Amino acid sequence: MEWETVIGLEIHAQLATRSKIFSGAATAYGAAPNSQACLVDLGYPGVLPVLNAGVVRMAIAFGLATESTVAARSVFARKNYFYPDLPKGYQISQYELPVVHDGRIEIRLDDGSRKTVGITRAHLEEDAGKSLHEDFHGQSGIDLNRAGTPLLEIVSEPDLRSAKEAVAYMKAIHQLVRYLGICDGNMQEGSFRCDANISVRPVGRHEFGTRAEIKNLNSFRFVERAILFEVERQIDILESGGKVVQETRLYDPDKDETRPMRSKEEANDYRYFPDPDLLPLEIGPEQVEAVRAALPELPWQKRDRFMAEYGLSDYDAGVLSSARAVADYFETVAAGVADKKLAANWVMGELAGALNKAGLDIAASPVDAHGLLGLLHRIEDQTISGKIAKEVFEAMWAGEGDADAVIEARGLKQITDTGALEDVIREVIAGNPNQLEQYRAGKDKLFGFFVGQVMKATGGKANPALVNELLKKLLAG
Amino acid sequence: MHAMTLAQMARGLAAGEFSSAELVRHLLDRIGRLDGELNAFVTVTGDAALEAAQAADAARAAGTIGPLAGLPIAHKDIFCTAGVKTSCGSRMLDNFVSPYDATVVERLRAAGVVMLGKTNMDEFAMGSSNETSFYGPVRNPWDTSRVPGGSSGGSAAAVAARLVPAATGTDTGGSIRQPAALTGITGIKPTYGRVSRYGMIAFASSLDQAGLLTQTAEDAALLLGAMAGHDPRDSTSVDAPVPDYTAGLDAPLEGLKIGLVEQFMDEGLQPENAAAIEAALKVLEGLGATVRRISLPNIGLSVPAYYVVAPAECSSNLSRFDGVRFGYRTAEPRDLEDLYKRSRGEGFGAEVKRRIMTGTYVLSAGYYDAYYLKAQRVRQLIAADFRRAFEEVDVIVGPTSPTPAFELGAKVDDPVTMYLNDIYTIGVNLAGLPGLSAPCGFVDGLPVGLQLVGRAFDEGRILNVAHRYQQATDWHAQAPGGAFA
Numbered sequence: 001m002e003w004e005t006v007i008g009l010e011i012h013a014q015l016a017t018r019s020k021i022f023s024g025a026a027t028a029y030g031a032a033p034n035s036q037a038c039l040v041d042l043g044y045p046g047v048l049p050v051l052n053a054g055v056v057r058m059a060i061a062f063g064l065a066t067e068s069t070v071a072a073r074s075v076f077a078r079k080n081y082f083y084p085d086l087p088k089g090y091q092i093s094q095y096e097l098p099v100v101h102d103g104r105i106e107i108r109l110d111d112g113s114r115k116t117v118g119i120t121r122a123h124l125e126e127d128a129g130k131s132l133h134e135d136f137h138g139q140s141g142i143d144l145n146r147a148g149t150p151l152l153e154i155v156s157e158p159d160l161r162s163a164k165e166a167v168a169y170m171k172a173i174h175q176l177v178r179y180l181g182i183c184d185g186n187m188q189e190g191s192f193r194c195d196a197n198i199s200v201r202p203v204g205r206h207e208f209g210t211r212a213e214i215k216n217l218n219s220f221r222f223v224e225r226a227i228l229f230e231v232e233r234q235i236d237i238l239e240s241g242g243k244v245v246q247e248t249r250l251y252d253p254d255k256d257e258t259r260p261m262r263s264k265e266e267a268n269d270y271r272y273f274p275d276p277d278l279l280p281l282e283i284g285p286e287q288v289e290a291v292r293a294a295l296p297e298l299p300w301q302k303r304d305r306f307m308a309e310y311g312l313s314d315y316d317a318g319v320l321s322s323a324r325a326v327a328d329y330f331e332t333v334a335a336g337v338a339d340k341k342l343a344a345n346w347v348m349g350e351l352a353g354a355l356n357k358a359g360l361d362i363a364a365s366p367v368d369a370h371g372l373l374g375l376l377h378r379i380e381d382q383t384i385s386g387k388i389a390k391e392v393f394e395a396m397w398a399g400e401g402d403a404d405a406v407i408e409a410r411g412l413k414q415i416t417d418t419g420a421l422e423d424v425i426r427e428v429i430a431g432n433p434n435q436l437e438q439y440r441a442g443k444d445k446l447f448g449f450f451v452g453q454v455m456k457a458t459g460g461k462a463n464p465a466l467v468n469e470l471l472k473k474l475l476a477g
Numbered sequence: 001m002h003a004m005t006l007a008q009m010a011r012g013l014a015a016g017e018f019s020s021a022e023l024v025r026h027l028l029d030r031i032g033r034l035d036g037e038l039n040a041f042v043t044v045t046g047d048a049a050l051e052a053a054q055a056a057d058a059a060r061a062a063g064t065i066g067p068l069a070g071l072p073i074a075h076k077d078i079f080c081t082a083g084v085k086t087s088c089g090s091r092m093l094d095n096f097v098s099p100y101d102a103t104v105v106e107r108l109r110a111a112g113v114v115m116l117g118k119t120n121m122d123e124f125a126m127g128s129s130n131e132t133s134f135y136g137p138v139r140n141p142w143d144t145s146r147v148p149g150g151s152s153g154g155s156a157a158a159v160a161a162r163l164v165p166a167a168t169g170t171d172t173g174g175s176i177r178q179p180a181a182l183t184g185i186t187g188i189k190p191t192y193g194r195v196s197r198y199g200m201i202a203f204a205s206s207l208d209q210a211g212l213l214t215q216t217a218e219d220a221a222l223l224l225g226a227m228a229g230h231d232p233r234d235s236t237s238v239d240a241p242v243p244d245y246t247a248g249l250d251a252p253l254e255g256l257k258i259g260l261v262e263q264f265m266d267e268g269l270q271p272e273n274a275a276a277i278e279a280a281l282k283v284l285e286g287l288g289a290t291v292r293r294i295s296l297p298n299i300g301l302s303v304p305a306y307y308v309v310a311p312a313e314c315s316s317n318l319s320r321f322d323g324v325r326f327g328y329r330t331a332e333p334r335d336l337e338d339l340y341k342r343s344r345g346e347g348f349g350a351e352v353k354r355r356i357m358t359g360t361y362v363l364s365a366g367y368y369d370a371y372y373l374k375a376q377r378v379r380q381l382i383a384a385d386f387r388r389a390f391e392e393v394d395v396i397v398g399p400t401s402p403t404p405a406f407e408l409g410a411k412v413d414d415p416v417t418m419y420l421n422d423i424y425t426i427g428v429n430l431a432g433l434p435g436l437s438a439p440c441g442f443v444d445g446l447p448v449g450l451q452l453v454g455r456a457f458d459e460g461r462i463l464n465v466a467h468r469y470q471q472a473t474d475w476h477a478q479a480p481g482g483a484f485a
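In order, the protein sequence lines correspond to chains Y and W.
Oh and the first sequence: position 147 is 147 in this note's numbering, straight run, nothing missing.
Oh and the second sequence: position 59 is 59 in this note's numbering, straight run, nothing missing.
Careful: at least some of the hints might be erroneous.
[Said to hold, decoys possible] Here are the simulated lysine-lysine pairs, BS3-like style, with alpha carbons at most 30 Å apart:
#1 Y:K79 <-> W:K282
#2 Y:K472 <-> Y:K445
#3 Y:K215 <-> W:K353
#4 W:K353 <-> Y:K79
#5 W:K85 <-> W:K353
#6 W:K257 <-> Y:K79
The set of hints was computed from the structure by calculation and includes no laboratory data.
None of these values were measured; they are calculated from a predicted model.
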């Protein structure tokens with residue numbers, strides 16, 4: 001039987017506010033345990049939550065960027081359950097009335113095709129703390145630094161039909177939230193993670209199959225692997241006449257498999273009800289318009305503009321608009337050169353290669369946009385050749401100074417003086433009488449040999465076009 | 001000195017007739033002698049009180065002082081007080097010393113008010129007789145075999161016995177007004193959102209409101225202005241200007257339209273109590289007001305709606321008491337579940353557990369719509385009844401409690417009978433309106449109260465009516481005799 005996979009993702013994006021969603025405590029990652037938890041985060045008797053206005057702006061920005069409805073009125077609700085890293089015994093979330101709903105985003109697949117994925121809703125909620133089960137001699141430790149960290153939970157429609165689509169969607173949301181500046185997207189630190197709802201059904205059937213939910217996937221690769229495993233597992237069960245059980249599962253990257261979570265952890269009746277400590281969140285049209293006016297250019301808008309403005313290919317435009325920092329870098333360079341393709345090639349080629357090799361983010365590049373622009377100027381004014389430019393770039397990367405300083409120090413200035421170059425060529429011809437004879441006898445291929453010899457003699461600094469021109473003339477005799 | 005009202009004490013301090021330190025020493029001495037019998041205090045903060053009183057005296061000498069400086073007060077033990085035990089009447093918080101001050105405590109302290117101690121209360125404010133406290137019942141100074149009402153029973157008994165001239169309280173379903181009525185004093189529950197709830201340990205967040213128990217409406221007016229107002233730490237506190245509540249106290253009542261709730265004057269009300277209410281209305285008519293009967297058709301649903309909403313919220317609010325971070329923790333828990341079960345099982349008393357269980361039930365999947373959602377709709381109906389009534393009248397009146405103070409132990413085994421004590425007060429919380437109870441007579445030697453309900457944020461009006469009534473009567477000036485004289 002042919003099977004179709006149906007996937008919906010619930011993405012948790014940690015919002016990039018300095019303070020928590022309902023308290024003034026800091027949200028910075030990696031602080032000493034419990035050093036960033038105030039009385040509100042600790043759930044002390046008598047304390048009350050106060051909503052951080054920043055998270056509302058961020059949720060609106062996300063809603064606008066995904067063509068969602070931004071709810072004029074949404075409601076915070078309590079999700080009740082007991083766990084030591086949940087200090088109040090309830091999580092403040094949004095349940096029946098989320099702040100954002102009914103949106104969409106377009107994703108692009110490797111084969112170039114496009115697909116629109118529906119966004120059911122996005123709601124604001126607080127994160128829980130962390131339980132630490134090691135190093136406490138049979139007891140558990142609790143770190144409440146993360147308790148109260150703002151999250152935007154983004155729930156997709158079950159529109160995704162393969163692991164690849166799921167990853168493309170997750171990447172599109174990842175790119176968007178970073179563009180909007182509402183999430184740092186750091187997956188190692190858990191700032192961006194997802195749960196995947198997965199089911200399979202015979203091709204052609206309308207009803208969904210029974211789904212399993214895979215919790216807490218924190219890398220694109222794990223999302224893909226977990227889905228591939230889970231789909232296969234479900235198909236195996238169905239094909240052998242069994243039934244898929246609706247349950248919550250965990251992906252184990254070491255074993256590359258999913259397995260059920262302990263049933264105790266999901267036997268909760270969360271007893272949601274509106275949080276009486278918080279007023280309904282009301283968002284007026286003027287607030288929405290203020291956020292709209294401050295929206296940055298979105299990834300797909302930038303991509304289209306790069307194609308139109310710089311004449312880039314769809315692929316190049318996509319790479320250069322992948323992240324705001326990359327796009328900004330490119331645009332700084334492109335603005336200063338006549339040949340936009342040259343700028344694109346350098347950013348995507350030498351720069352990207354060097355960054356990749358060094359494991360650096362573009363923001364930390366030793367050669368900044370103005371530095372690279374200085375180098376490209378020397379190519380455009382023919383001070384150096386493209387080949388020499390690579391050497392100059394490496395020296396700049398190593399900290400030897402800007403392009404001009406490197407060219408000067410290393411004496412790499414291109415020889416464009418016809419007289420000087422003719423002297424060198426004459427010497428080369430004089431030093432290779434046999435080759436000259438053969439060439440003149442019709443062995444044209446030897447032209448390349450002479451070019452190589454001239455370049456060698458000039459340390460690569462000769463202007464290649466000029467070498468060709470002069471060599472042709474002098475070899476002809 | 002102790003028999004004076006707060007306003008009289010303020011005048012005495014201002015005139016230099018006595019110092020705050022003298023006043024505080026006198027009251028601490030009374031508390032020391034008399035509270036063994038009443039059990040109104042959980043904690044007496046004598047040294048800190050004397051220090052604060054001396055500081056107020058010094059500031060007065062230096063001429064840098066507000067009108068409330070040096071005046072003594074007690075706080076219900078539901079308000080967090082930095083460095084002082086804040087028990088909420090529960091074993092669960094018997095070891096809890098708050099690291100911070102509630103906004104109410106902070107504001108009164110900033111005004112120079114001197115805290116003498118923390119008063120006993122029903123556990124987590126759940127009770128109408130002060131018998132659910134971990135620290136034992138409070139006794140009514142009018143008859144120590146009787147309850148003072150609850151949950152602010154310690155505050156009420158302390159003010160009635162003239163151990164302090166004023167005390168804070170909280171009122172979720174009548175917890176200020178009912179004990180005020182049963183001990184012959186004045187109690188005001190402001191409009192929901194008028195006073196910050198920050199630092200007030202939550203029972204039912206959508207109903208809880210801080211207020212005052214005093215001898216007179218004038219005293220309440222003096223303190224309320226300092227307590228009330230928007231607090232950025234409480235999202236439900238309302239950002240509306242706070243009037244000078246003392247300024248309007250003497251306004252004449254000519255033309256005032258009063259509505260008597262006909263549903264309250266039924267067979268559930270003791271006839272002598274009803275007679276006291278009728279007599280009080282005659283006094284108000286004599287002062288120029290007109291009285292008519294009004295109907296609140298859905299008010300009879302108050303108690304059942306309340307006993308869905310309040311337990312639902314409390315079941316969630318009290319989840320934080322889990323033995324993990326503060327408060328009571330059971331000895332030697334075997335595992336996490338055992339820690340939770342025994343810490344909560346041992347830390348909470350029977351009434352608190354009953355309400356947590358009720359609340360958990362009404363919020364459960366499959367029951368939410370039938371109970372919680374329906375109760376919220378009833379709440380809207382009751383609020384609408386009040387709104388309609390206030391189109392015709394300025395103030396709504398009725399009894400505060402169906403009977404005077406009852407015997408200790410008389411109702412503890414029958415929760416429903418106990419809950420019906422608050423039949424006249426609960427609707428006011430559901431509607432979020434300001435309510436006040438003022439003494440209006442005696443039945444069998446025990447005080448009974450007249451309840452006044454105002455429009456939202458119209459505390460000034462009910463204080464004005466109560467004050468004019470108190471100018472014309474002397475029920476509020478009656479104090480328990482015997483040892484408490």
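Evaluated hints:
At most 30 Å may separate the alpha-carbon atoms for a hinted pair to count; K79 of chain Y and K282 of chain W exceed this at roughly 52 Å. Restraint check for K472 of chain Y and K445 of chain Y: satisfied, since their Cα atoms lie roughly 12 Å apart, inside the 30 Å limit. Restraint check for K215 of chain Y and K353 of chain W: the C-alpha separation of about 34 Å exceeds 30 Å, so the hint is violated. Distance check on the hinted pair: K353 of chain W and K79 of chain Y sit about 20 Å apart at the alpha-carbon level, within 30 Å; holds.
The hinted pair formed by K85 of chain W and K353 of chain W meets the criterion: a straight-line CA distance of about 23 Å does not exceed 30 Å. For a cut-off of 30 Å, the pair hint linking K257 of chain W to K79 of chain Y is broken: about 46 Å separates their Cα positions.
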